[in-house]
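Residue numbers (the working numbering), protein chains in the order written: chain A, 1 to 320; chain B, 1 to 320.
There could be a bad hint or two in this list.
Treat identical chains as interchangeable: a pair holds within one or across any two.
Claimed, not checked - Derived lysine-lysine pairs resembling BS3-like cross-links, with alpha carbons at most 30 Å apart: (1) 228 x 193; (2) 290 x 94; (3) 9 x 238; (4) 42 x 140; (5) 31 x 274; (6) 140 x 31.
If you are wondering where the hints come from, they were derived from the structure by calculation, not from laboratory data.
If you want the building blocks of each chain, they are given just below.
There are 2 protein chains.
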Amino acid sequence: MDLETYLRKTATEVNTLLDQYYGNPGTELSKASNHLLFAGGKRLRPALFKLAADTIRSGSSTGILPAGLALEVTHNFTLIHDDIMDGDATRRGKPTVHTLWGEPAAILAGDVLFARSFCLIADAMAPDAAKVEASAMLAKTCVEICEGQQQDMSFEDRQDVSLEEYLDMVTKKTGVLYGAAAAMGAILSGANKPQVDALYSYGCSIGAAFQIQDDIIDLMASSEQSGKDQASDIREGKQTIIAITARAKGIDLAPYRRVLSPAEIEEVITLLVKADVISEVQDTADAMVKRAIDGLSVLRDCPERQLLSDLAYFFVQRGY
Amino acid sequence: MDLETYLRKTATEVNTLLDQYYGNPGTELSKASNHLLFAGGKRLRPALFKLAADTIRSGSSTGILPAGLALEVTHNFTLIHDDIMDGDATRRGKPTVHTLWGEPAAILAGDVLFARSFCLIADAMAPDAAKVEASAMLAKTCVEICEGQQQDMSFEDRQDVSLEEYLDMVTKKTGVLYGAAAAMGAILSGANKPQVDALYSYGCSIGAAFQIQDDIIDLMASSEQSGKDQASDIREGKQTIIAITARAKGIDLAPYRRVLSPAEIEEVITLLVKADVISEVQDTADAMVKRAIDGLSVLRDCPERQLLSDLAYFFVQRGY
Numbered sequence: 001m002d003l004e005t006y007l008r009k010t011a012t013e014v015n016t017l018l019d020q021y022y023g024n025p026g027t028e029l030s031k032a033s034n035h036l037l038f039a040g041g042k043r044l045r046p047a048l049f050k051l052a053a054d055t056i057r058s059g060s061s062t063g064i065l066p067a068g069l070a071l072e073v074t075h076n077f078t079l080i081h082d083d084i085m086d087g088d089a090t091r092r093g094k095p096t097v098h099t100l101w102g103e104p105a106a107i108l109a110g111d112v113l114f115a116r117s118f119c120l121i122a123d124a125m126a127p128d129a130a131k132v133e134a135s136a137m138l139a140k141t142c143v144e145i146c147e148g149q150q151q152d153m154s155f156e157d158r159q160d161v162s163l164e165e166y167l168d169m170v171t172k173k174t175g176v177l178y179g180a181a182a183a184m185g186a187i188l189s190g191a192n193k194p195q196v197d198a199l200y201s202y203g204c205s206i207g208a209a210f211q212i213q214d215d216i217i218d219l220m221a222s223s224e225q226s227g228k229d230q231a232s233d234i235r236e237g238k239q240t241i242i243a244i245t246a247r248a249k250g251i252d253l254a255p256y257r258r259v260l261s262p263a264e265i266e267e268v269i270t271l272l273v274k275a276d277v278i279s280e281v282q283d284t285a286d287a288m289v290k291r292a293i294d295g296l297s298v299l300r301d302c303p304e305r306q307l308l309s310d311l312a313y314f315f316v317q318r319g320y
Numbered sequence: 001m002d003l004e005t006y007l008r009k010t011a012t013e014v015n016t017l018l019d020q021y022y023g024n025p026g027t028e029l030s031k032a033s034n035h036l037l038f039a040g041g042k043r044l045r046p047a048l049f050k051l052a053a054d055t056i057r058s059g060s061s062t063g064i065l066p067a068g069l070a071l072e073v074t075h076n077f078t079l080i081h082d083d084i085m086d087g088d089a090t091r092r093g094k095p096t097v098h099t100l101w102g103e104p105a106a107i108l109a110g111d112v113l114f115a116r117s118f119c120l121i122a123d124a125m126a127p128d129a130a131k132v133e134a135s136a137m138l139a140k141t142c143v144e145i146c147e148g149q150q151q152d153m154s155f156e157d158r159q160d161v162s163l164e165e166y167l168d169m170v171t172k173k174t175g176v177l178y179g180a181a182a183a184m185g186a187i188l189s190g191a192n193k194p195q196v197d198a199l200y201s202y203g204c205s206i207g208a209a210f211q212i213q214d215d216i217i218d219l220m221a222s223s224e225q226s227g228k229d230q231a232s233d234i235r236e237g238k239q240t241i242i243a244i245t246a247r248a249k250g251i252d253l254a255p256y257r258r259v260l261s262p263a264e265i266e267e268v269i270t271l272l273v274k275a276d277v278i279s280e281v282q283d284t285a286d287a288m289v290k291r292a293i294d295g296l297s298v299l300r301d302c303p304e305r306q307l308l309s310d311l312a313y314f315f316v317q318r319g320y
């Protein structure tokens, strides 16, 4: 099965299970919790969870899928709270939860999803010791995600963020939940520590690379392609890896911190391409993906391991 | 040991363990998470957790105390988020977290505490199956607490809340976390299902009774006694059990929904006492406590079970 087919199949499975668990929201609060969760999404974290599980032991992902769902539910919890903090009005083409239900209900809707995640892990058909380990990993991961979001917000007031600080931030904000997805799939399938560690590192790396690719897409992809405002990061003066790499080369993007015409966007892209900023950033993401894939060599060779490689390349090769 | 001594001793233990776990906050976000947690409090939930554990098996509370801490940490998570939603500026005599760090950091600070709670359960020295059960119970409880807070907020726009709705709200908002405290102590000490169920019901009942007593204290205790504004619930037109019971007797408190002089507060108290509103409300709380204590008869007779009785009476007999 190719990656695209696999992802499509997993998304269907995830959506079916979501519907079984939460398809009949009894309260207005449950509706608010469900809003974003039922608005689609590629379900990449459950897919990674499944691939990791089946790489450890073929077919093992079936009984533990509720724990894979926990990763999607946790992801949606963080999105709801992030949207409040960032004051974002739309997500996945729909009004955000706080826009529709108000901030107090949106805070609660996120909290409910967070709580549901741990109920879901308990529902997995796996040894209790593995479930305890998986729960602790998800909890520790959530602490790091919060730290990453806090770092990201603190960057807004600064123009001197280092590459190291940026990489630490994206690893926490985006990487560790992919790391946890892969590691939890492995843990619940009876993996040993070197296997769990390899999958955790793999997930963290491809998750961080995903975020770097997002920074590239924000600049390079037209609004028609991505469905988002082109060059919004530059307009807002965000400390992305592109801004940081440009600064290291003496290129100041501050003059572009304003509404930009299509011609001006072309101008800044040309500037950054000529100075090798874009290629260096792409190289950084590619190197992370390569290291991630190399780390998988401790795992048995199987179709799922191949799909893990494909997934890693997909993270940095997608155009939008 | 009498209850007062026991509570004081437990608070010291809890504070010591909190200090071991979180005494060296590395980040600004950890400081925000710690702020309220280290600002004191009676640590009633860990005390209940310990009493329940030791009633099941003498001495069993020692190794599982981290899970008792999880209840205090979860309680503080809900307080931080509630204070944002309610726009409250002070708590335990200190500025609230969002007042000091802003709302985005306060949302994250609460999320971090929520996550820490599940790390703490994993740290308990108990069989894995019990830890899975305890985690699932805490997670389910948190969903209910969120529902209770949502109900409480929805009552603000209504003047027709029934006694049944009120009791459902306080059971969720306050009761179930006491229920979980008692049940988790029991589960982690190897209790059987009837024992766990009895302690869960006991905790839910005394927690709800605690909230009813809070409503009485808000009206009856002077600001000097309670450290809070006297009669703030009536001033704000809150749907407390006092307002609901008064309405059932044809007494409309709406005219008192404004700043009240001490003489006017006396006037409304006299009105409610004469109409037996206060005594009926007190009877409701007392009946809940009596039922809670009766339910403990399935447990072995021991000093800790006696302290559970004393704790229940303390919840409704405290004057402030």
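How the hints compare with the structure:
{"no.": "1", "hint": "228 x 193", "in the structure": "neither (41 Å within a copy, 53 Å between copies)"}
{"no.": "2", "hint": "290 x 94", "in the structure": "neither (35 Å within a copy, 51 Å between copies)"}
{"no.": "3", "hint": "9 x 238", "in the structure": "neither (36 Å within a copy, 51 Å between copies)"}
{"no.": "4", "hint": "42 x 140", "in the structure": "both (24 Å within a copy, 27 Å between copies)"}
{"no.": "5", "hint": "31 x 274", "in the structure": "neither (49 Å within a copy, 44 Å between copies)"}
{"no.": "6", "hint": "140 x 31", "in the structure": "both (28 Å within a copy, 17 Å between copies)"}
Comparing the model with each earlier hint shows violations of hints 1, 2, 3 and 5; every other hint is respected.
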